[in-house]
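Engineer: Sequences are here, hints too, so could you generate the full structure?
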Amino acid sequence: MIPAPFDYHRPGTLDEAIGLLSRHGGDARVLSGGMSLLPALKLRLGSCGHLVDIGRIPGLEYVKEDGGMLRIGAGTRQCVLAQSEVINSRYGVLADAVPLIADPLVRNRGTFGGNVANGDPANDGPAIVIALGAELVARGPQGERTIAANRFYKDLFVTALAPDEILTEIRIPQPPPRSGSAYRKLKRKTGDYAAAAAAVQLTLDARGAVQRACIALTNAGPTPVEAVQGSRFLEGKTPDEKSIAEAARLAAAAAAPSADRRGSVEYKREMARVLTARALKAALERAGRS
Amino acid sequence: MKHQISVTVNGTAHEAEVESRLLLVHFIREELRLTGTHIGCDTSHCGVCTVLLDGQPVKSCTVLAAQVDGCKVSTVEGLESGGKLHPIQEAFTEKHALQCGYCTPGMLMTCSALLEQNRNPSEQEIRQAISGNLCRCTGYLNIVKAVQHAAQKIGGAP
Amino acid sequence: MNAPRTDAKICGMGHSMKRKEDPRFIRGKGNYVDDIKLPGMLYMDIVRSPYAHARIKKIDTSKALKIPGVLAVIDGPTLEKYKLHWMPTISADTQMVLPTDEVMYQAQEVCAVIATERYIAADGADAVEVDYEPLPVMVDPLKSIAPGAPVLRKDKKDKKDNLAFHWEAGDRADTEKALQASEVVAEQYVYVPRIHVASMETCGCVADFNPAEGKLTVYMTTQAPHAVRTVFALVAGHVGLSEERIRIVSPDIGGGFGGKVPVYPGYVIAVAASVVIGKPVKWIEDRMENLQADSFARDYHMKVRLGAKKDGTLTALSIKTIADHGYTNASANPMKYPAGLFSICTGSYDLKHAFCEVDAVYTHKPPGGVAYRCSFRVTEAVHAIERVVDVLAQKLKMDPAELRMKNFIAPERFPYKSVLGWEYDSGNYPAALKKAMEIVGYESLRKEQQEKRKRGELMGIGICSFTEIVGAGPSKDFDILGIKMFDSAEIRVHPTGKALARFGTKSQGQGHETTYAQIVAEELGIPASDVQVEEGDTDTAPYGLGTYASRSTPTSGAAASLAARKIRNKAKAIAAHLLECSEADLDWVPGKFFIKGVPDKSKTIQECAFAAYTNMPQGMEPGLEATHYYDPPNLTFPFGSYICVVDLDRGTGEVKVRRFVAVDDCGNIINPMIVDGQIHGGLAQGVGPALYEEISYDEDGNISGGSFLDYYVPTALECPKWETDKTITPSPHHPFGAKGVGESATVGAPPAIANAVVDALSHLGVTHVDIPITPEKVWQLLKAKGVAE
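Protein chains in written order, with this note's numbering: chain E, 1 to 290; chain G, 291 to 448; chain R, 449 to 1237.
One-sided excerpt, in silico: chain R residues whose CB lies under 8 angstroms from chain G:
no.	residue
1	K466
2	F473
3	K477
4	G478
5	D483
6	S647
7	M648
8	D734
9	M736
10	I1122
11	G1125
12	H1128
13	A1164
14	L1165
Note that these hints are calculated values from the structure, not bench results. In this text the structure is predicted, and so the values were computed from the model without any measurement. Quick reminder that beta carbons are idealized off the backbone N, C-alpha and C, glycines included.
Structural biologist: Pasting the structure below:
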């Protein structure tokens, strides 16, 4: 319960923070909300000589629609997302998911950027940003670059971020008309990680056929799973009970969960299917209303 | 590494030198000797360490003391003012919302923050708000009733 | 007992008096063990084994000792010098304090670091390097008890197997014959898995040995301070600790539920450290240590057979249990009942033939077994009988409520001698079940279930009609390590008419500071607000066996009323003296003696108290106080009927508890508000084991459920809105007819929930599911029956 000794730094600007990360190499970690990092340090899982706290650097907390994008500052607390009118009215997958992340106390500190950049497929953020086709903005000593969400996750706890890069913004393309998104999550109890969860976004054309679909799964492998086959299957079709079931089946086939207390591999895969179907139905209903 | 921090706790300003890794809950309990805030787990699940940080209920076991430089912290000891109990404290006794008392300080802080934000929370909203605070004694029902009772009192009911 | 006999000012029995202990807790001014800071206090942190079974080859403390502030590392060989490396358990087995050779469970204590600061102690523990040689692990109790299994307890010289004990009750042959002759037999394997109390405060102590006075004070999270004091004196007498110079202080305790009854190695090491170093030593375990090494609960594998006639009349019950006890029997059971009160398994039913046996088995797991509000194994016994009654109902195609009603011990049969030897004091089972059925709307729920089944929707209604057995216990049968299980009250009335009352029990949230005051108020008419209640300090409290197994009201509560009556009798003599009449001329209303027929010729209890010090009758001993040690004549038998309604998600298997109705009968009630609070809490600690909580081990003895990450304690969102009601059937032998209630709900809730889930699937042919009923367990059943979404 007591972390091993480390040095804490509180830089005033992003550039200072990046400088600290460069100086200390792999021995430094970014401290954002701290809701994943501090618990790990308290259990002495993995050592870390330097914490670089970016939690008070101005300019990292915002939720705004701008230039065809929903732009979320990486330092935005989950509780702020939960209250956002923009998100609750137009980004169903986030509106569904945020109240199910951990518990309300954790959401008062945890940041969306931290949830996305942690590289933990058990976090909800990764599958969501993939489903929404987001771009992740990283800043490092060389300047700024954007990385597509579905190319961001490399391995368990390994992302495309270099050790001296910081995630600064999540850019989500504003969904066109006739779009809907949803998140369905199964967990053992409040505060637990997903036994299985599906993030889904659909856009329909004027005839009601699926123009674009993206299904991504949480906690279904070492990285978030983009269910490409399941997503592609729906494109061009007018979704009905049968096609949704098939898309869900294909999505589940892409899942590679591990067995643990939350369930066996078989169960988790089946739940990926059930939850994908439910999320698709919900997204479809929202798309019809939008 | 040591850090100088200035933090206002229950309205009183404190200057202290803290180790990088000192957890806020230990700073509160050991340095300031405010032992009302408790420790109940090591994985940030139980919520008995809940305090208000700039008005927001957070788990003080998952915040470093160094992180709260310049901030306002409120603990259970600061709920009463001028010798008068906060309505939520009175409501907890009125509705028997505590038994062993160990989760109570954290629960009170979460509930007091809820009532600041939401003057008339529904049962579901209350259960949602306290879902980060575990209790093994009460079965939660009386805590819900206490919050509803306090809301009524704050709203002017006799 | 209906309306209270006293007014709101006196606030005796039946009043929902607001709790006297609340003011400090709501202000954050409780005094828990970790709040205690003594001058010069040191901190202890324990190094634990990652292996379930291993030989310790080497403990390298050099890096740890180099850390500034680390003062010492205590290991098994150090304690062996003082013969403290092993200690007796409460069940007269033996347990390692620190190992000298092998560790026998994952998370076992290996050595302890003493340091000047908490953080430094943690660094020290992290820096100790232990070289282990992993050894074969035995985690399956069925394999452990099989012939030819390797002997785990090599420390026991002539031990040739892994049987900790065998215990049985009833007539085996007669019951077998009755089962064979039964027209129908329902047979079911029921596994009630290992769980953990996980009280919000973990265990710990501050051991403070004062070398100048040769006195040891231990501030300790203990539910039984006197028993601990005596045990310390017996175990450590040879190192100079003497019982009159040992003081155990149990301050505010953040939940006990049985988990704070055993004497854990950590306490003993802290005491040894303090004695050797001569400074106070604080040891507070963290949550993972608590879940992984402390006394667990349950872990009973039961084969249950229930015989009946075709018309549903029960004939015979047989239960064979394998009990997984971990590597030693450290369960806190009365000596004569190593399987606790398991023989209550005939439950609320009039069974004429019954037999039960328990084989306790050693495995490479932490020791324990009797914790988590189980009333000494009553949770296991009731789960068995209530589950198998439903299995039988299903087999007979009979409504489970009807089957129960048919077989309840009829109200006029009490006191009822069960075939397994218990004399149930009083009960009215049909009334409780009937009330529960009315409140829940049983008939319309059954109709709703029929409608829903046509649409493929799954809802279930589960009943549990339990009989509890509490208040241990009569001296002829009940002792712990030889100490009889009486309890005590010492009441002293001051000249100004206020009172101080001390007890041998120890509240961990049950509200004794209020309820005991109410008992004294009831008997003496002194306002409960004028009665100061104290418990937990062995220097001042009268000897008692502590609080667990719902025993406080039946034992110390009884002692309180009898001590108060002694005081009232003396006060009567004083009143007669003051009123210049004979005692026979006096009548009593709460708080006042008056001359019969002349109500204004009266003396209040306060006036009598003052006179006890200032104007006592000639020849009377001054003062106004009394002590009573109560040896209960029998146990008490609270009971109830619970009905649970569940809805199952056909896609995920999730169980949603839609409603939970609990009708309890604990006899006469001291404080209805507190009783309801106990029931609510017990229900939440029933939902937990039913749907969420479990500790399990893989074949290498690695734990699952060893932190709150995967030991699922229900939050407010997992708990439904409890609906509670009462019937009142007083205990005929208790001084004020009360029975105790603390554990009824943990006993009654899990079977009600399990029965509801099975009921939801019974039309598909499902007959049983073991708790915890995880979504996957339900889903596997749905899949097998072809109805998963």
